[in-house]
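Trainee: Each chain sits in its own coordinate frame; assemble them with the hints.
Line by line, the protein sequences are chains A and B. Counting in the numbering used here, the first sequence runs from 1 upward without gaps. Counting in the numbering used here, the second sequence runs from 1001 upward without gaps.
No lab work stands behind these hints: they were computed from the structure. Among the hints, a few may not be true.
Stated by the list, open to error - Using 25 Å as the maximum straight-line C-alpha spacing, the simulated SDA-like pairs for lysine to any residue come out as follows:
1. K1072(B) <-> M1(A)
2. K1072(B) <-> R3(A)
3. K1072(B) <-> Q25(A)
4. K1072(B) <-> V4(A)
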Amino acid sequence: MARVLINVPRTVRRGEVFEIRALIQHTMETGYRPDAGGEVVPRDIIRRFACAYNGEEVFAAELSPAVAANPFLVFTAVAAESGTLSFTWTGDNGFSQTETRPVAVE
Amino acid sequence: MRGPERFLRRFGAGVAAAALGLSFVGADEARRTERRSGFDDMSRETQAMQRDDTANPGMLWVQEGEALWNRKEGTAARACAECHGDAAASMRGVAARHPAFDPATEQPIGLEGRINRCRQVHQGADAFAWESQDLLAVTVFVAHQSRGMPVAAEDPRLAPFRENGRRLFGERLGQLDLSCAQCHDDNAGKRLAGSVVPQGHPTGYPLYRLEWQGLGSLQRRLRNCMAGVRSEPHAYGSAALVELELFLMSRAGGMALEAPAVRP
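So that you can see chain B by itself, here it is in the shape it has in the complex (with noise of 0.2 Å):
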């Protein structure tokens, strides 16, 4: 499978169509060759769940972020909005390229770092704990903006970070010894007990978890299935899990965002 991939990546949308018109060659290579969201998995009801912003609950995490956008903070008394403007102008497609280089460090820094950093540097503000709902209420709130673009997280700066969470993906782990791409790329598709093994891309976070009853990030995913396989989860905002999360977005190039999603 990863050589029609790369071969999608490289050629763009054109050829993605050309090579899906072929895929109905047999349902085994279809299943190799097309991407798919996890939302085209789901059953009917919780895809119409998604799909209406009035019945989809992670619709009330983007209205706390809202108000929180607008809210001064820390010692600089000062909002969001006063830098940033009306975020569906300044943050439309933010979302789709992050994790991001971020020059100060030279390291990939994902959406809720970005967020944290400029509380502390430009409103002088402490850092929202990883995974609280302000978090996860402003993240949402900027991810929302992107809602239907391209992911695009292919600044080249960050190859070989990609290429450690590439790794990192292809790596055995726990007592169960399972790597994730023995489900999400091998595996994807089948059912593991009663739900169906997604492929994995991460185009709806933060994503409103039936399971869950809440709001939660990439990495709260993540963490879940590393402890799923019975593994030591890597710290929230680690180098690992963004190193992850850059992967699994460059992967997932060209599909588009649904934040807030709603998955079982």
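For reference, chain A alone in the conformation it holds in the complex (with noise of 0.2 Å):
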């Protein structure tokens, strides 16, 4: 399991924008680099990253053999009812991880 940091506030009042970050660890190999023998190192990169609010996908993002390594992405949600965001990684080699997060909404 790759090592995450996410920020989301544990409560937050009705109908306000709130600030959500992400950041993964995750080498994001871009598959033109050569290794110390001269060989291509195959790319291995997380392809989407997707935010769901109560299960309703709420923001989404594709990631290119440009983004730097560890990814971390930061975006704005609408409360409206209290609840969990869900973080999900997909990539190359069957990278996979979801995390969760509860979210209060007074």
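Mentor: Listed below in structure tokens is the structure:
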């Protein structure tokens, strides 16, 4: 499992726009780089990131080989009701990781 | 610049503040007397990244290091935590006084070397490879416990090694025939291409370099500089690199530790 850092406020006011930050540990190997022996290192990147709010997708991003290692994404959502945010990263070599964080709407 | 530097170290923070006040005499004079962390010369965005623990990628390695700290290792099947307990208490200040004097060998030993020694002697495990992700993770986890504390690598038994480090710092090397001091003492604060030449205070290691897209040790940084002046870098863990580390830490004496720092 890759290490992640997710920053979501524990409580938000109804209707408020709040910021979500998600950072994941990943090499994002481009597939263009030769190793010490001159062989091209095969591509190994995260292809897609998605964030769902109570099961409904509210934000998604497609990542490319030009994205730096350990991708850090910051985006916003509107607080409608209390629930769970789930974060899913999927990528090459069957990479798939999902993390969840609760949000309480007051 | 040597004079005021020594003065600052001997007489502590009160006099340091007074000396900083005096340094408004001229910009050049200020640059020579005021010690700056590389942090002060970074862009505001990179500074914000370092300050915020949920944006600082180095914290990923701190998490990893914490997991390793609690994992049973080696033939002794013992975790670091079983002897050292809560790292927040037992490891506080440890990174600030490394490289430290090692009574067994009567040599200085860096934090990485100390961790590997502990693994071999007390856990019955193999040493981590230099610059491996595992070694970086444990090192940054330990160093993180000293964040904000002043550097205090001043063991008098290390004086001859520190002097050797000082000599290496002033020694010209490589095809470019440059010494560390020519950039980091004489021309610190000026620009080398687009980047500010830092004073070279190792207060944030192991740190996350955006250029490396990963965490790296002070020895990696030193070896980079050596390759930069086109000399053959000293090997990881060699006496020369530990002595250079030692001199740089005493040169940064009193400055606050930042691990894990972020640098461009």
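Trainee: Does each hint hold? Answer for all of them.
Mentor: Cross-check of the supplied hints:
1. K1072(B) <-> M1(A): Judged against 25 Å, a Cα distance of about 19 Å means the pair holds.
2. K1072(B) <-> R3(A): Measuring from Cα to Cα gives roughly 20 Å; hence the hint holds.
3. K1072(B) <-> Q25(A): holds, 24 Å
4. K1072(B) <-> V4(A): holds, 23 Å
No hint from the list above goes unmet by this structure.
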